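If you read the protein sequences in the order shown, they are chains A, B and C. The C-terminal position of the first sequence is numbered 678 in the UniProt record's numbering, with every residue numbered one higher than the one before it. The C-terminal position of the second sequence is numbered 678 in the UniProt record's numbering, with every residue numbered one higher than the one before it. The C-terminal position of the third sequence is numbered 678 in the UniProt record's numbering, with every residue numbered one higher than the one before it.
Bear in mind the hints are in silico, worked out from the structure with no lab data behind them. Not one of these hints is a red herring.
Copies of the same chain are indistinguishable here, so a pair counts whether it falls within one copy or spans any two.
Here are the computed lysine to aspartate or glutamate pairs in the EDC-like style, where the Cα-Cα straight-line distance is at most 16 Å:
hint, residue 1, residue 2
1, LYS396, GLU7
2, LYS331, GLU525
3, LYS381, GLU526
4, LYS331, ASP643
5, LYS381, GLU525
6, LYS542, ASP599
7, LYS430, ASP551
8, LYS331, GLU526
9, LYS288, GLU534
10, LYS69, ASP28
11, LYS331, GLU534
12, LYS432, GLU415
13, LYS331, GLU574
14, LYS395, GLU7
15, LYS395, ASP631
16, LYS395, ASP8
Small disclaimer: the values here were computed from a predicted structure and weren't measured.
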Amino acid sequence: MEKRLVEDKLKLGVCYYPEHWSEDLWEDDFKRMKDLGITYVRMGEFAWTIFEPEEGNFSFDLFDRAVTKAHEFGLSVIMGTPTATPPAWLTEKYPDVLNVAQDGISYQHGARRHYNYNSENYRKLSSIIVTQMAQHYSSNPAIVGWQIDNELNCEIDVFYSEADHNAFRKWAKEKYKTLDNLNNAWGTVFWNQTYTNWNQVYLTRKTVPNSPNPHHMLDEKRFISDSAISYAALQADILRKHAPNHWITTNGMFKHIDNHRMTTEILDFYAYDSYPNFGRVIEDHSEKPLRDRKWSWNLSVVRSISPNYAIFEQQSGSGGWTTRLEQPSPKPGQLRLWTYQSIAHGADMVMYFRWRTATKGTEIYWHGINDYHNQPNRRVKEVEQVSSEVQQIGKKIVGSSYQAEAALILNYDNEWDGEFDQWHGPYATKSKDAWIKAFQYNHIPVDAFNLHSETTVVDLKRYKVLIYPHAAIVTKQQANLFSEYVQQGGNIIFGCRSGYKDETGQTYMKQFPGYLSDLVGVTVEEFTRVAPFEQVPSINFKGAHDIEANDFNEVLQLEKDAEVISTFSGAHFEGKPALVKRNDGLGSSYYYGGVFNLDLASLLINEFELNNYQEKFELPEEIELAIRQKDGNDYTFLLNYSDRPQEIVVKKEFRNMLTGNQVCGRVTLEPYDVLVLE
Amino acid sequence: MEKRLVEDKLKLGVCYYPEHWSEDLWEDDFKRMKDLGITYVRMGEFAWTIFEPEEGNFSFDLFDRAVTKAHEFGLSVIMGTPTATPPAWLTEKYPDVLNVAQDGISYQHGARRHYNYNSENYRKLSSIIVTQMAQHYSSNPAIVGWQIDNELNCEIDVFYSEADHNAFRKWAKEKYKTLDNLNNAWGTVFWNQTYTNWNQVYLTRKTVPNSPNPHHMLDEKRFISDSAISYAALQADILRKHAPNHWITTNGMFKHIDNHRMTTEILDFYAYDSYPNFGRVIEDHSEKPLRDRKWSWNLSVVRSISPNYAIFEQQSGSGGWTTRLEQPSPKPGQLRLWTYQSIAHGADMVMYFRWRTATKGTEIYWHGINDYHNQPNRRVKEVEQVSSEVQQIGKKIVGSSYQAEAALILNYDNEWDGEFDQWHGPYATKSKDAWIKAFQYNHIPVDAFNLHSETTVVDLKRYKVLIYPHAAIVTKQQANLFSEYVQQGGNIIFGCRSGYKDETGQTYMKQFPGYLSDLVGVTVEEFTRVAPFEQVPSINFKGAHDIEANDFNEVLQLEKDAEVISTFSGAHFEGKPALVKRNDGLGSSYYYGGVFNLDLASLLINEFELNNYQEKFELPEEIELAIRQKDGNDYTFLLNYSDRPQEIVVKKEFRNMLTGNQVCGRVTLEPYDVLVLE
Amino acid sequence: MEKRLVEDKLKLGVCYYPEHWSEDLWEDDFKRMKDLGITYVRMGEFAWTIFEPEEGNFSFDLFDRAVTKAHEFGLSVIMGTPTATPPAWLTEKYPDVLNVAQDGISYQHGARRHYNYNSENYRKLSSIIVTQMAQHYSSNPAIVGWQIDNELNCEIDVFYSEADHNAFRKWAKEKYKTLDNLNNAWGTVFWNQTYTNWNQVYLTRKTVPNSPNPHHMLDEKRFISDSAISYAALQADILRKHAPNHWITTNGMFKHIDNHRMTTEILDFYAYDSYPNFGRVIEDHSEKPLRDRKWSWNLSVVRSISPNYAIFEQQSGSGGWTTRLEQPSPKPGQLRLWTYQSIAHGADMVMYFRWRTATKGTEIYWHGINDYHNQPNRRVKEVEQVSSEVQQIGKKIVGSSYQAEAALILNYDNEWDGEFDQWHGPYATKSKDAWIKAFQYNHIPVDAFNLHSETTVVDLKRYKVLIYPHAAIVTKQQANLFSEYVQQGGNIIFGCRSGYKDETGQTYMKQFPGYLSDLVGVTVEEFTRVAPFEQVPSINFKGAHDIEANDFNEVLQLEKDAEVISTFSGAHFEGKPALVKRNDGLGSSYYYGGVFNLDLASLLINEFELNNYQEKFELPEEIELAIRQKDGNDYTFLLNYSDRPQEIVVKKEFRNMLTGNQVCGRVTLEPYDVLVLE
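Let the sequences and hints guide you as you build the complete structure.
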């Protein structure tokens with residue numbers, strides 16, 4: 001079942017921590033929120049010690065007063081369960097709840113997320129606090145929903161406590177039944193790693209040198225994901241039982257969790273924390289970096305989990321901890337731009353992080369809408385503007401769906417395997433980056449598509465074109481699915497390093513690309529990494545002769561009725577096939593024996609007629625185009641990410657939904673400005 | 001009370017380790033020292049096992065013979081307490097004395113400084129050995145003074161043994177009385193870090209991810225400083241009691257110790273170990289790096305502790321350990337230059353490290369005056385020259401005071417807070433560097449001024465100009481002090497990120513710059529880091545239009561009768577105030593919404609008439625000017641740090657104190673040469 | 001006694017892991033090996049759990065079937081003892097067998113080489129499995145020899161388990177007898193490290209800051225080497241006893257083992273694992289990097305252990321682990337080129353690693369001859385060609401000796417001391433690199449010469465020229481040996497930092513270069529590192545005036561009848577001697593007060609008439625020349641490492657041994673091609 005947020009109009013909210021502030025401030029704060037047109041306030045998620053100051057002793061006074069006060073001003077409250085930060089009394093009394101590094105050294109109280117998901121004590125104590133809260137708030141009219149924990153797997157996404165080792169042993173036993181099966185799956189015959197008793201089985205530990213068994217590592221990621229989901233489910237079950245009228249979500253999106261499965265199984269919809277200004281501080285020396293616009297891709301992934309989703313933390317000021325991540329302030333207009341970025345991609349609720357900048361602790365530099373001084377400022381004014389605009393458009397746009405005819409395929413197995421496998425993971429990152437840019441700069445909306453065990457050809461057929469850049473792990477069943485998709489009219493593009501691994505991460509005793517070979521009509525004759533200190537070969541395509549064939553080269557050999565559309569030069573395999581197309585049934589497949597770059601992706605994208613926006617607009621590269629559709633109506637978002645005015649041409653008559661004016665002809669978008677057209 | 005070294009003339013000394021060398025060498029060594037004009041010899045500080053070969057068994061024979069022999073040649077002995085290096089028997093028997101890393105792993109015997117200050121066992125065993133030595137040597141006519149331990153907090157300046165955790169808990173209890181107070185001071189409401197029992201309180205521990213509570217961190221530094229001072233006091237008390245006729249000092253200067261307070265409370269004066277050739281190996285890619293000349297600033301800080309001080313280790317050869325810190329040999333003249341650098345800034349005693357290069361251990365490449373081979377060499381000859389010169393000038397110069405009309409303000413709270421706070425600490429480092437260079441290259445002597453809880457306006461008024469580049473933590477009391485200073489005629493300069501924090505490191509709920517706002521007449525309208533990948537804005541000042549406004553921009557808003565003297569360009573806050581001056585009473589204040597660089601500091605410095613040397617000299621940038629004054633007489637030092645001859649113009653008649661010649665008109669200083677004029 | 005491999009002709013082999021593959025594949029695999037002309041197959045070395053699935057329960061079935069099957073196809077089997085990878089049951093039951101990091105944290109099951117050499121349990125269990133295997137296979141006609149363990153000290157070459165600490169204490173006691181001796185040797189008087197009870201003695205431990213006693217460190221390396229050899233000897237003794245007709249070797253070459261002594265004492269010959277394509281991924285920003293050709297030097301070192309040796313792993317595909325070391329595929333011809341590189345330098349047996357690429361585990365990207373898919377490929381074809389050529393030349397070449405008139409001196413003491421001593425170790429690395437290149441690019445064969453305690457002048461006299469770039473540790477005995485060598489007609493070249501240390505790593509109380517001073521006729525007047533941020537001086541030599549005197553400068557002072565042949569410029573020691581030659585008896589010595597670079601080494605090399613190949617060939621730099629000689633016949637190898645055709649001139653009539661054709665005049669070597677001439 002599709003898990004999507006259901007609202008009656010677009011909603012704005014803020015994150016607010018009543019426990020941080022003098023109670024004198026609350027009334028004014030809530031009143032100002034109301035005046036700003038804010039309807040949701042999130043609270044509670046770091047307040048375990050407030051709720052349970054000592055074990056078994058519960059206290060709801062502070063939050064009861066805050067919830068009541070918020071409700072007086074018409075605000076609805078989203079309550080967070082406080083398990084991301086266990087109390088000091090808890091970790092001191094039950095040190096087994098702590099997370100532990102791979103070398104056996106415990107993390108301790110003093111920051112956040114220092115617990116593990118498998119400690120019996122932690123699960124028990126979490127159940128108790130969540131039960132208490134659910135019971136207490138289930139009938140409170142201010143409360144509408146719950147956030148489970150906060151940012152699962154943020155900060156740290158590996159776990160090696162004794163409880164984790166024990167749970168993993170049990171998990172492995174359930175999965176493999178026999179040690180023979182486990183030994184086969186992990187290929188333990190290599191380097192004599194064979195297990196002869198279950199008590200020898202652990203999560204990966206400190207090895208000489210730091211290179212554990214790769215198949216074991218892959219299962220470790222699966223186990224971590226299962227552990228996190230199981231821990232969230234523990235809470236979700238309690239909330240469902242005791243607060244059946246409230247919705248349940250959690251805010252992501254971090255590594256080593258199958259967020260899709262988690263959402264399907266236990267949540268009502270998925271929520272995301274969006275901080276596009278990381279794009280100003282994360283190193284990105286690639287060609288034409290996307291910076292904050294890269295977050296559009298993150299939102300596409302979020303959308304693949306919940307077509308209509310919530311933003312639980314929308315960046316509203318400069319960000320950073322005392323010790324790291326130092327970000328600049330948003331430029332005038334960027335706060336608004338990023339809000340529309342979220343909405344354009346499917347958000348029906350946007351909550352700003354946070355109402356007021358914290359004055360204490362590690363996050364005093366994650367600036368909220370309000371500054372420490374609580375005086376009016378530019379960011380509050382921007383929220384005011386957004387809020388008034390959202391009033392205009394909120395009813396129409398809410399519930400509408402983002403439109404895309406192409407998708408990049410994601411798959412947790414390949415993501416997790418590629419994290420440590422240097423022979424496909426880094427290529428996946430590079431190729432994804434190239435494709436995202438090609439779609440953005442060509443104004444073609446794109447989805448993320450999560451390939452999982454129950455994916456059907458009907459799911460695939462929602463797209464004209466699918467791109468699966470480096471599908472290292474491909475099962476026979478998946479290969480069949482892709483063939484069916486192509487025969488029924490789909491088009492699919494693969495890059496090198498595809499199809500050579502099975503689900504354990506072991507390699508097939510087959511020619512590359514394994515089970516995909518039939519579909520794409522090639523085998524790989526020869527392959528090599530492009531090493532440092534070597535000349536990079538190139539390929540020709542559509543008249544271009546100098547497209548770098550960087551990182552990895554697979555020399556293709558035609559096995560079927562495939563057509564060579566590109567060959568290598570500048571290597572000993574000069575003139576050999578590099579890019580091959582094969583028509584099959586109503587569709588086609590492409591296989592490129594390399595890692596995609598922006599040049600090649602941009603050329604390939606034009607092989608297909610995708611979202612033919614050219615009839616409606618002429619757009620410079622700096623503008624993102626997004627379309628949401630409901631009841632046959634298109635709502636078009638044009639977002640200017642650049643610090644310069646951008647001129648566009650509107651070729652048909654549109655209505656500017658934010659101003660009510662008609663729009664046609666040459667239009668200038670100011671820096672960071674936004675158009676929403678219908 | 002000012003703690004200054006009192007000597008009757010300038011003195012030279014050497015560090016000598018009799019236990020390292022065959023006893024056959026001692027007589028010749030001491031004789032040659034005497035012949036060189038050396039009067040002090042330091043010994044004993046790494047010899048615990050010699051003094052106490054097994055627990056409770058003491059032996060003074062070796063050092064008695066050495067001290068007696070030195071005294072035969074007229075040398076006075078400074079004795080070091082040997083606690084920097086506990087014996088192997090001690091750490092093996094009492095492992096609780098060892099220092100421990102934050103993750104809980106102990107340091108072990110094998111280098112130095114592996115103990116902690118709070119172990120009861122270590123304090124007891126230290127008391128015993130120091131008592132024994134003090135009693136034994138109190139009436140020895142050769143001994144004149146004591147060095148406590150060696151280089152406190154060198155190598156490592158954090159401590160996490162169980163004894164430290166326990167002592168910190170006690171320290172916190174004494175400071176805060178109640179957990180409520182502690183929770184408030186550390187802002188533990190953030191991320192649910194609230195402590196509900198004192199047994200939950202520790203020094204910072206391994207957290208997820210490595211970012212402990214910043215207010216906790218700040219207190220940890222204060223605690224470390226208190227621990228070190230308390231440990232030194234333990235020894236000082238014993239020495240005062242048993243050797244009342246000897247002076248007491250220790251040799252610094254390392255992080256996480258309030259050296260000013262330590263000196264005031266327990267020492268007779270402060271001593272420093274000066275190794276300017278670190279300036280050749282420490283990475284410094286800044287504009288016009290100062291290299292060895294940067295040590296002049298270090299000496300200014302030393303002078304702020306003791307106006308007349310001792311150098312206990314003056315670099316006399318190439319330096320480095322076997323494994324790191326590899327330095328070149330001093331060039332001909334540099335040993336002499338650095339000696340005068342020390343003297344020019346206030347040293348009345350200079351001890352060379354060391355008499356002869358060690359032939360064993362980690363420091364075989366910290367070359368002494370003599371080489372391994374003990375044959376005459378260039379460095380010994382340079383010491384000979386220095387010594388003969390010092391005979392000439394020693395009586396006049398001793399006790400004279402360095403003259404400066406400007407000072408940079410230092411403050412331990414801001415230094416320690418800024419160590420981990422990336423939003424002001426790195427700016428302080430950059431701005432300090434810019435100002436030091438501006439003073440050096442403009443030949444304006446500058447002091448360091450330590451702002452502490454008992455600083456009065458009288459203290460401040462010793463200076464025409466004070467510079468406090470990024471005064472993040474500013475209390476109301478301090479702001480008042482600065483206002484008084486300005487009203488009474490002082491001038492003070494602040495940069496961005498000033499006044500926004502209280503003494504806990506929490507931010508005020510005020511507009512920037514907090515309590516300073518009244519004085520400087522501005523508030524901060526808007527601010528941002530200058531992120532990577534962004535254009536750096538610039539400011540105009542005194543006709544220059546291209547001064548970079550790097551790192552951080554605060555857009556100023558006039559609140560009072562302040563005058564805008566510089567505005568921003570190249571940003572969305574184009575034309576807004578960047579640098580503002582405000583006259584108040586007899587003085588003025590400047591507030592710059594940015595991080596200082598050399599261009600700006602050099603222009604600002606000329607706003608004031610400081611040490612008007614131009615009537616006396618024309619000097620190229622390469623020359624440092626320093627003046628010591630006594631009884632109305634000026635002693636002028638001109639130091640050539642460059643490897644080229646430098647031409648200067650002497651505009652008045654001076655006497656070259658080193659040669660006795662009159663000096664006037666054009667004079668050439670040879671590479672690394674020195675003039676001392678009266 | 002010289003330990004050399006004795007074969008009747010050149011042999012090829014492969015590494016094969018029958019336990020990895022379905023038994024169905026064996027027959028075809030062995031048959032194809034046979035058809036390829038392969039005669040040796042190595043197996044068994046990672047199969048402990050196959051042989052001993054539970055403690056004390058032995059099973060030889062699988063390998064018996066494999067050995068028998070291999071033998072059916074005429075293959076001889078080399079059996080590896082499986083101790084590099086202990087079974088999971090073993091480490092789980094006996095955790096004391098695990099290796100431990102210096103900070104006390106254990107390594108665990110999950111990769112390989114996680115055991116320590118000194119655990120009594122591990123030694124006992126190793127003895128049992130080796131005894132079982134030796135007894136079982138001693139009379140098996142297929143088995144010809146044994147490989148002990150696999151790659152001793154690979155991955156990790158330091159060991160800090162409790163067993164190691166205890167064994168080290170015992171080792172130190174045996175070496176030093178008394179603590180006084182130990183304290184003297186380690187210079188523990190420095191920093192009060194004196195040991196007063198043997199229980200205080202450990203291997204180096206975690207120190208503040210990471211800089212343990214250097215003399216202690218040097219002994220630690222010696223101890224590690226002794227431990228490794230003792231562990232190998234334990235196995236060798238068992239194998240000799242139970243399988244007296246089989247030869248014994250092990251495959252190296254890794255750090256912290258005296259491979260020469262090990263081979264002399266316990267092996268029949270030495271074997272090496274050669275992976276030249278590391279040269280494509282290891283950072284090398286030096287001038288004219290050698291890349292894969294650098295492995296020729298490694299082979300020279302191997303040859304210094306065993307003049308005729310085996311390659312137990314010859315790279316046959318692209319290499320790398322899942323997580324690191326990613327290498328490109330060998331280019332067409334490189335597999336063959338590298339095989340001849342091994343043979344040219346003295347290999348009489350070459351085993352390819354591996355028969356087929358692993359489909360599971362950490363090494364799925366260490367490609368073998370065959371790909372996963374087991375279909376014919378280019379690499380198998382290359383082996384076919386090599387094999388057919390080796391049939392032609394194998395009988396003639398086998399047992400012949402590589403011819404070199406020059407050698408670089410290696411010495412374990414200096415290598416181990418220089419590992420952490422930044423004042424000579426890094427210079428040794430740089431100078432070695434320069435000399436190797438100078439020999440390669442000038443087509444002069446060169447040997448490695450291991451200087452050890454029993455080296456005689458007769459050993460030295462095998463060479464016209466010896467180069468010992470930075471002989472930091474030089475004993476009086478060694479200095480005498482070099483003098484004798486020169487007097488009897490030898491020529492020897494030293495660089496700076498020579499002769500200043502004794503065998504403990506302490507410095508002599510002598511002028512540099514210590515005991516070498518008499519021989520080279522100089523002392524060092526002054527010396528300095530060339531620091532960063534300083535101008536690099538230069539020297540003149542043979543008309544060149546701009547040879548950089550990088551890294552370190554020693555200013556020489558003539559003490560005897562030496563001749564200055566080069567002086568410094570660009571420093572304060574302008575014009576002072578930099579390079580001095582002294583004739584003595586029939587020979588000469590050179591002393592250069594610096595670190596060698598390619599320019600200088602290339603000029604110095606021409607001071608001597610070495611291997612006058614010019615009468616026979618004109619060769620471009622890209623070609624390596626190597627000559628093996630037997631019974632008065634020269635076999636000349638010309639190897640083209642470049643990716644371009646190279647033209648050479650053959651000036652005398654030769655026979656191409658691979659084709660049987662006569663060769664004379666202009667000849668073109670294709671990329672990666674090889675000529676073997678007689």
